[in-house]
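K.L.:
Each chain, written out:
Protein chains: 2
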Amino acid sequence: MRVSFEEMKAEIKRVMLKAGLSEEKAEICAQTHTETSRDGVYSHGLNRVPRFFRYCERGWVNPDGEPELIGQAGLMENYDGNLGPGITNAKFCSQRAVELAKKHGIGVVALRNTTHWMRGGTYTWDIANEGLIGIAWTNTESCMPAWGSKEPSLGNNPLCIGIPRDEGNVVLDMAMSLYSFGKLQVTRLAGEQLPYPGGYDKEGNVTTDPAAIEETGRIFPTGYWKGSGLAVVLDLLAAILSNGNCTAQIDKIGKGSCGSCSQIFIAINPYMFASKEEVDKILDDTISQIHSASPMTPGRPARYPGEGTLSTRATNDEEGIPVSEEVWNKVRSL
Amino acid sequence: MRVSFEEMKAEIKRVMLKAGLSEEKAEICAQTHTETSRDGVYSHGLNRVPRFFRYCERGWVNPDGEPELIGQAGLMENYDGNLGPGITNAKFCSQRAVELAKKHGIGVVALRNTTHWMRGGTYTWDIANEGLIGIAWTNTESCMPAWGSKEPSLGNNPLCIGIPRDEGNVVLDMAMSLYSFGKLQVTRLAGEQLPYPGGYDKEGNVTTDPAAIEETGRIFPTGYWKGSGLAVVLDLLAAILSNGNCTAQIDKIGKGSCGSCSQIFIAINPYMFASKEEVDKILDDTISQIHSASPMTPGRPARYPGEGTLSTRATNDEEGIPVSEEVWNKVRSL
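If you read the sequences in order, they're chains A and B. For the first sequence, counting from 1, position 187 maps to 187 in the working numbering; every step adds exactly one. For the second sequence, counting from 1, position 131 maps to 131 in the working numbering; every step adds exactly one.
Because the hints were derived from the structure by calculation, they are not lab data. Bear in mind that the values here come from a model prediction, so they are computed numbers and not experimental data. One thing to keep in mind: the hints can contain errors.
Each pair may be met inside one copy or between any two copies, as identical chains are not told apart.
Below, in silico cross-link-like pairs of lysine to any residue (SDA-like), each with a Cα-Cα straight-line distance of 25 Å or less [unchecked claim]:
(1) Lys252 x Met296
(2) Lys150 x Leu310
(3) Lys330 x Ser4
(4) Lys102 x Ile70
Let's have the full structure, built from the sequences with the hints guiding it.
P.N.:
The structure is reproduced here in structure tokens:
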């Protein structure tokens, strides 16, 4: 079934208010979760609302938590998120990065002690919509084995990069695991196999069977050793620059997914040394080269990062946002 | 066979001088190529010297090219590399990033119109050795198909991140293709298969056969769609921020591998908001969690990025640097 943007947003806002969020915070969270589902990232839109509600009930998220400035040095600021809602903390910090970048050319905000920011791409879409380059990442609790080991010791630490473009921003939003656990679940429920091997089964064999990977927790990092290494350094950078928790420390705190995590928000003026025309030409030449390469599937050219989102957004704006009836009823029952 | 550091360096320096580099540039390039082989990145150490020599002969590298300041805004500087040697240009710019970071907390240098920087990790090892976080990347000519297409349209755009640590820096040095073409060649010459599929053969099947991938050029991006997307945004950022060429534009110039490419060098003070003790604890907790996870191969714990390099460095410092006799004779004949 599909529901309209306004209907979904109203329902989520009601739940957010019931969870104890202020009118202002509930509005921001409802808008963001709904945009996330509308853009096709269903795992972190409506679907995630019941878990967020539980986290507020348990005190793992503090509905009243606000970002608090704890350090400042030129274009760089450090905030403590006070375990407030991940979305409102991250929205505040990405906006601060934008303000710093508008003043200094670059702005860097390091946020510690925050909670799950839901879709990471939200913040780099926001920054790109302000005409700036956005770079943001978070660490998480352990959910992926480091390459060479069999037990989770790394977060999947999503990295998001957005570049403003009149015809549609270029926005990359990638976690460090090849597939998300959400994707494993969806594939299993559909009775399907993964398109490419996604991890190990309990015999230690590489497999495309999502259930076998869910059972072992031995999910592949993106590019095996490479995503593993990138996850390590993103974790270290987020924790060091924010003076916050690294994944190993988050694991010990035990406040759920991303409880007490560390995040970085960077905004950069793309026109420091190049004119709008020069930047547009770089974007056009790159996208045109990608589009014109002979496609794997005839008639379906390769896409730039964010292109698929724009297409899903257009469809869901027109036809309504797809929801699982079970999830929709669950949210309505909260 | 193995040769000593000093013997290799002297031989490379002789070739660099013959290629037309100044005494100072030849010294820097010889030192860097030798360190690269010593650290186990054989493809971009001694092995790359004959190609560099040819590029100088053809005028694709200008032995006298120097970085020229063309833009400045606070902690950010823009240089034109004037097609000078990639190593001396990149060494200069990473050092400038260090100086800017020592003054402002962060330094960003965007370099355009440069040539192959050889091992990317060189510059983030350098920055980390100065006690700063280093982030650097380059774009390249097309050598990898965008995910969803069959023809190369993307560079493999190496990304390097270094974090200073007393017991050994954490340094990630990763290209956006899962395997380098150097790795395909080495595996083919050894008559072996790749440990994990690395691309497509001419029938369009996923394969572990290096020769089949060399034939099609259809090498996998790291993590399929993910490394493809990251390659796109790294290319765009490097070209936009330096007002230089993107991959699609490098392709049209035709001055060999990485001729007229764009690079970014960032240095950040890790102690902006955290003390040395706090940063060390983050590093220790992270590395200890990785080391203590149950290993895939008994007795061989997972490693942090850079750990393998330190181990190879120690071996090669003691036993001499392994070289292919054919390559060594070729360099000596130049």
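K.L.:
A separate judgement is required for each hint: does it hold in the structure or not?
P.N.:
Each hint tested on the structure:
no.	hint	in the structure
1	Lys252 x Met296	between (45 Å within a copy, 24 Å between copies)
2	Lys150 x Leu310	between (38 Å within a copy, 24 Å between copies)
3	Lys330 x Ser4	within (17 Å within a copy, 69 Å between copies)
4	Lys102 x Ile70	both (21 Å within a copy, 22 Å between copies)
Consistency note: the structure conflicts with none of the earlier hints.
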